[in-house]
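Undergrad: So you can see what is in the structure, the chains are spelled out below.
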Amino acid sequence: MSIPRLLTMLLFVLLMAPVGTAMAQQDDGSGEKLLEQLADASPASTEEALQAIAASGHERARAWLEAYGNNRLSRVKDTGEIVIVLNNRGRDWTVADAVTGENLGEMSRRDLDRIAINNAVRRQLAGVLAMLDLYAEDPEVREEAARDLMGKVDEAVLDPLIGRLDEEPVAAVRNRLEQAVAIYRVEQEGSIEAVDVLAGSLHPRARAALNSAVASENPALKAAAQKALLSVEQKLKMNRAAETLYFGLSLGSVLVLAAIGLAITFGVMGVINMAHGELIMLGAYTTWGMQQLLPGQPGLALILSIPAGFLVAALAGIAIERSVIQFLKGRPLETLLATFGVSLILQQLVRTVISPLNRTVVTPEWMSGSLVINDALSLTLNRMYVLGFALLVFAGLMLIMRRTRLGLEVRAVTQNRAMARSMGIKATRVDIMTFALGSGVAGLAGVALSQLTNVGPNLGQNYIIDSFMVVVFGGVGNLWGTLVAGLTLGTINQLLEPWAGAVLAKIIVLVFIILFIQKRPRGLFPQKGRAAEG
Amino acid sequence: MWLARPLQERSTQLFLGILFLALIAVTALHLALPEGHPLHVSAYTVTLLGKYLCYALLAVAVDLVSGYLGILSLGHGAFFALGGYAMGMYLMRQIGDRGTYGDPVLPDFMVFLNWQELPWYWYGFDMAWFAFAMVLLVPGALALVFGWLAFRSRVTGVYLSIITQALTFALMLAFFRNEMGFGGNNGLTDFREILGFNLRSDATRLGLFIATGIALAIGYVVCRGIVTSKLGRVSVACRDAEARTRFLGYRVERVQLFVFVVSAMLAGVAGALYVPQVGIINPSEFSPIFSIEIVVWVALGGRATLYGAVIGAILVNYAKTVFTGVMPDAWLFALGALFVLVTVFLPQGIAGLLRKRRKTTDDGSGPSDAPTTAEATA
Amino acid sequence: MTTFKNRLASVVLAAAMGTGATVALAQEGPIKVGVLHSLSGTMAISETALKDTVEMLIQKQNAEGGLLGRQLEAVVVDPASNWPLFAEKARELLAQEKVDVIFGNWTSVSRKSVLPVVEELNGLLFYPVQYEGEESSENVFYTGAAPNQQAIPAVDYLMNSIGVERWVLAGTDYVYPRTTNKILETYLMDQGVAKEDIMINYTPFGHSDWQNIVSDIKRFGSAGKKTAVVSTINGDANVPFYRELGNQGISSTDIPVVAFSVGEQELSGIDTGPLVGHLAAWNYFMSVDTDANYDFIDQWIEYTGDEEAVTNDPMEAHYIGFNMWVEAVRKAETTDVDAVKDAIIGVTVPNLTGGYAAMMPNHHITKPVLIGEIQDNGQFAIVWQTPSTVAGDAWSDFLPGSRDLIADWRAPMSCGNFNVKEGKCGASAGEQAKAAAE
Amino acid sequence: MSIMTELANRDRVFNFLTPTDSPVDVRHGPILYLEDVTVSFDGFRAINDLNLTIDDGELRCIIGPNGAGKTTMMDIITGKTAPDTGSVWFGSRHNLLTMSEPEIASLGIGRKFQKPSVFEALTVFENLELAMATDKRVFPTLTATMKPEYRDRIGEVLETIGLKDLMHRPAGILSHGQKQWLEIGMLLMQRPRLLLVDEPVAGMTEQEMERTAELLTSLAGKQSVVVVEHDMGFVRSIARKVTVLHQGSVLAEGTMDQVSNDPEVIKVYLGEEA
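Quick note, the sequences are listed as chains A, B, C and D, same order.
Residue 534 is where the first sequence ends in UniProt numbering, and the numbering goes up by one at each step.
Residue 378 is where the second sequence ends in UniProt numbering, and the numbering goes up by one at each step.
Residue 438 is where the third sequence ends in UniProt numbering, and the numbering goes up by one at each step.
Residue 274 is where the fourth sequence ends in UniProt numbering, and the numbering goes up by one at each step.
With the rest of the complex left out, here is chain A:
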């Protein structure tokens, strides 16, 4: 069908949506036809079929398109009826009638035939959905749609877009639409006024268009494009720098989280705890467990697993302290060996009890995606949360160590055990508490890491070495040192990575640590007094 016609229909439908619905109620089988058309469409004719559905204004059009996009539009093998798969886990799937939307109950996946979609089609689909969204009530949605359209415009949607431009009330959205059109204009028609529209835009597609213009023969266009590009260069550099810094801090925050627990068990108690990584792992698995307990509410589960993770790891810590470490007072080497054994046991335990496979930990809505600062800079949310979390944990620990009775006793015991004892401090109790605290914090790290990386038996292994590096680099027994060290190493690493590559960057950082320790044999913030000797 011709594009204008499609457009007018769209408009018509959207203006009198209620009527549309009413019309849909006493369905005339148009739904089936549309779906059949889509199901039987050849790769070439798929887009038309999609447009048709979009234009039909059928109340469930959107549902169909989305189901199609998610590979959930299927056809029952024997009846040929077209259904939407509601739940596609396991061997029997729940399906609903596509047209009426009524639930048809379970059906073996053997009997279902998926209506195929591929990447190319999905692209077109995205365009179509965006077009639909351009007519949504919510200007946010419209702007989002407009942004999606940038660089996706082809002559099929050009006129409707332009048509839409005139009616668009909100400036921001219009602005976007203009840019979207301009990109098309520059790339296809090489129009110079379009270049001016794109000037100053940070959107990568906009710049790509300008770059293509720079490459063109037309000198005027070339000049205009160059000028337009120049105006954003500086801004881009700034954004680049900001981005790298953010990357560095976020990696740093991960290191800090992983190491801070160790800074207590190792730094304060002098226990070389090789099982630290496994305590982190326990925290991560707790998150997974929580999400299993509360299916469908990953967010809530995640929040609950903060205390839970702490508790689990802390209890494990106490178990380790009571069963092993208490017998190894003042023999750090032995603690290393014993805890190494413990870590082996814990790993294999998870393998046999839960599974050697990684576990899925879902990222809640509010943590996924990224915070868009501008077209060139957006900060990933999950890492931002982790960064914040790390700082919170650190602050919390500082409070405990500086302000609470426990903290006081811990410092007393670590500085002079005998003296502290004689002053009536129960050293053993303090040991337990300290180790539990350190382990608990490791658990917290696990909860956070579950949002960034694998939750599997090897999780701990990947962090134990780095943790020790951070603690030592920062200066054993000094929490501030750990914080600074973690953030520094993280940032250095990310600064190096672009030109050195991931591997070399890591190597350089390690060599840097080695040389740094030559200069300052006791780390960034050396501990003063007796405790430092030996």
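Honestly, the hints are just simulated from the structure, not real lab data.
In silico lysine-lysine, PhoX-like type, Cα no more than 20 angstroms apart, as pairs:
| # | chain 1 | residue 1 | chain 2 | residue 2 |
| --- | --- | --- | --- | --- |
| 1 | C | K195 | C | K225 |
| 2 | C | K331 | C | K341 |
| 3 | A | K235 | C | K218 |
| 4 | D | K147 | D | K164 |
| 5 | C | K32 | C | K98 |
| 6 | D | K115 | D | K80 |
| 7 | C | K341 | C | K98 |
| 8 | A | K77 | A | K33 |
| 9 | C | K195 | C | K226 |
| 10 | C | K60 | C | K32 |
| 11 | A | K152 | C | K218 |
| 12 | D | K222 | D | K241 |
| 13 | A | K237 | C | K218 |
| 14 | A | K152 | C | K225 |
| 15 | C | K218 | C | K195 |
| 16 | A | K519 | D | K80 |
| 17 | C | K226 | A | K152 |
| 18 | C | K32 | C | K341 |
So these bits of chain B aren't anywhere near chain D, every CB distance computed over 12 angstroms:
| # | residue |
| --- | --- |
| 19 | R10 |
| 20 | G17 |
| 21 | P34 |
| 22 | R98 |
| 23 | Y121 |
| 24 | W122 |
| 25 | V138 |
| 26 | A141 |
| 27 | G157 |
| 28 | G207 |
| 29 | I218 |
| 30 | V326 |
| 31 | F333 |
| 32 | L341 |
Just so it is clear, CB atoms sit at the ideal spot from N, CA and C, and this is done for glycine as well.
For chain A, the structure is supplied; the task is to place chains B, C and D on it using the hints.
TA: Structure of chains B, C and D alone, referenced to chain A:
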């Protein structure tokens, strides 16, 4: 002469005696008895024992620094692996044009990532003498530079341990990179000959096994010689009261450096003998976990008693072999439990246990008897 | 002193005896099938399921009356993701346990480490994982995909059906990605892709911080041309990689990622919500719509007792390999290695994707190539597949060193690297030098 | 004459061959000489431009309340702590501030710590052996053998410190007093020109004290001895010349009687003890 001294002391004679007896026994049982005879020692077992002996030598090297010098090195795997790579490079060059691509010079992995010519650092490794020299020199040199940096600036305790760990970790990452020209993750493998002997013949295996045994003997005597010499007592002095030792006029950092380098070279030799027997060298030998494991063997056997290190290494690895076969799904539990129990209930390691027994029979703690030192350190 | 002596002696002896003690008892009796997959260490994630698969197949075979009237017995060992240990365990299986065949290995390095042992002791090894090729051993049967059975078709698909013009080749820094990418680079250039339209990136194992790389990819992809990522990223590194992709807002419609090492099992550890539409190329998917497959899945779920249990490509490879071996043994009427080696060439068994797999003279098998899209249920929806099966190519035509090599283990040639130019076994130096020069 | 002829002529040591750590030169002036030495640890001045000279063969006692800087002073002399300002000379040739602990030790300055520090893992015999004045570089140490004359010297010292029958027991099992003696014995083995003895009689019985007193006095003359001690009785029993340190600088100097009547000193001590 300091190397002769240990030969006069009972414990060393005993150790060497048992070692050579074992070598002879295995050789005899391997050659004399027919396949299938219950007591026949198969070529597989011989190689396995050869591997254990390499680990034993490595453990002795680690015990020398951790037990007597008080330097807990968590990076000795690096020296072991470097020695191994030196040997591996020699073995690679020995393949010659028998490789898959039949290139006379380039090892297969270079051909098939189409490198044009041999990197400079591969030169010379086609000559046995050069390669074997490198087995000693490369780990030695690394230990020298690293140790000089560390000891000069008096890096001690966990700080030292952690940077040794950083060292081996960095090397591991480096060797994983294919640009390095050491075969990346696949490492060096598919060896054919050593000194003209076919590596896939049982005779060669037996030879390597015996060679390893002798190397262990020599290594043991060298270490024993050091620890029973005045220098050995100075090392113990450095371990227990560094400042005091300085005020007596000893240059602590040089003592540490000397012992550290010797230990590194021994580790290198162990690695070099290890590679032809297991048939592959790959960056995982650099992994910090492996280095920690070595320390575990030593502690298990009993620190500051060289024979303890030998026992520990052989025992743990034998346990591994058995467990991984008998209870594949649960062997880590056993191993982990072993570590925990020994450290908690046998702080002196197995050697400590033996010594307690021995104390009851005779009280032979002569002026320079390692056990005394070990006891006092606990 | 005496007690001390005894102790030390006993230790040494114990080592000698204990390992030597299990010297092969009972040659007749059950047919021994060695299983050489890591059950601990980093590779346990991938390999444990393969061990279970073999055990399941054996159980089934025995239920159907065994083989040659004898029962099958699995001999499982744990090489613990430790490469030298792989060689040692292989030797144990062949020399001590006297197994008739080994199913095992995942990583290239473990295979390389086992290879000399298997050749020396003349054993049989079935290797079930897609790999870099460039190898053909008389004693090894490669039931996984060679590069021409996975990488090249996948690229073709992206080029022709999606219209990709700009390529990111991202991989973990080891030999499989290196080789695959080298092959792809050559191939793409032959297809007229410009050098600056190809970006190659390598990361260490278990790389977990992808921020920089993903943002680079984003930038690279925003140049106007349709861009795709060809990922040979291995195992553990994938979860953080895809997470970062999702969070930095790279959707499959902008920059599709096609992965060669991500299967159902890896996905089972990832929240696939954000990944819908990204691609993977394999020779089998759990979602394959054939009864053979559905039966296999039912059998697997029953065996593991886990409703959520997934199947994947290497498992199918073992399924095929195992059946081929059984066929060959039947044909040869013995488990004798040499007999089986000769008998198995040409053996054809049904695969799970509704076709047949044949063992080629170069010890690789014929496979269909499937492209699947990740779905929100951790499964793949098949979007494309080769019209017919593709025969595995031991030596790539896109690497100068191996262009002229072929493998054919049938008499009279029986050679793993026959140089067709020179008409002799074993590539010669002269040819090699020329090839390298090109 | 020309270098060549100098070289040809072997029976003399020529100045261009003279090693820098040649015997201490005390021909003109004292053996130890501290001038305007100041040290402060984050703000706190432990030593406050201290001036001190010890003559060759002198026995000097240094007393002073806790925190007077006695031990810090020893740290400076032995090279453990570097002063912020000032100069420290050993004889008139050796500037101690430019030397490391081992160098200073091999120059002939021996030190006994406040807290007895012996090698507990080694036997008494071995402790003395290590202390013995011999070539202490690495390889000579490695190849060193126990010569009869060494054995005799160790024997003598064992006699002097009365630990002969314990010679083969690890030093770790010794009593506090015995450790003190052992450490003094190690000092003797070093044959130093100057002994710095920090609280030698802490934890000793009366007789032990007397013997220590005898020993130290007997040493004086051959060697210079600096004793830091709290025990006034002991100091009185040995002291010829006493220096009183207070807040890092010299408060008074003279014979025991002189200083004990010095009003300043009395004030300080009473001030402390009251």
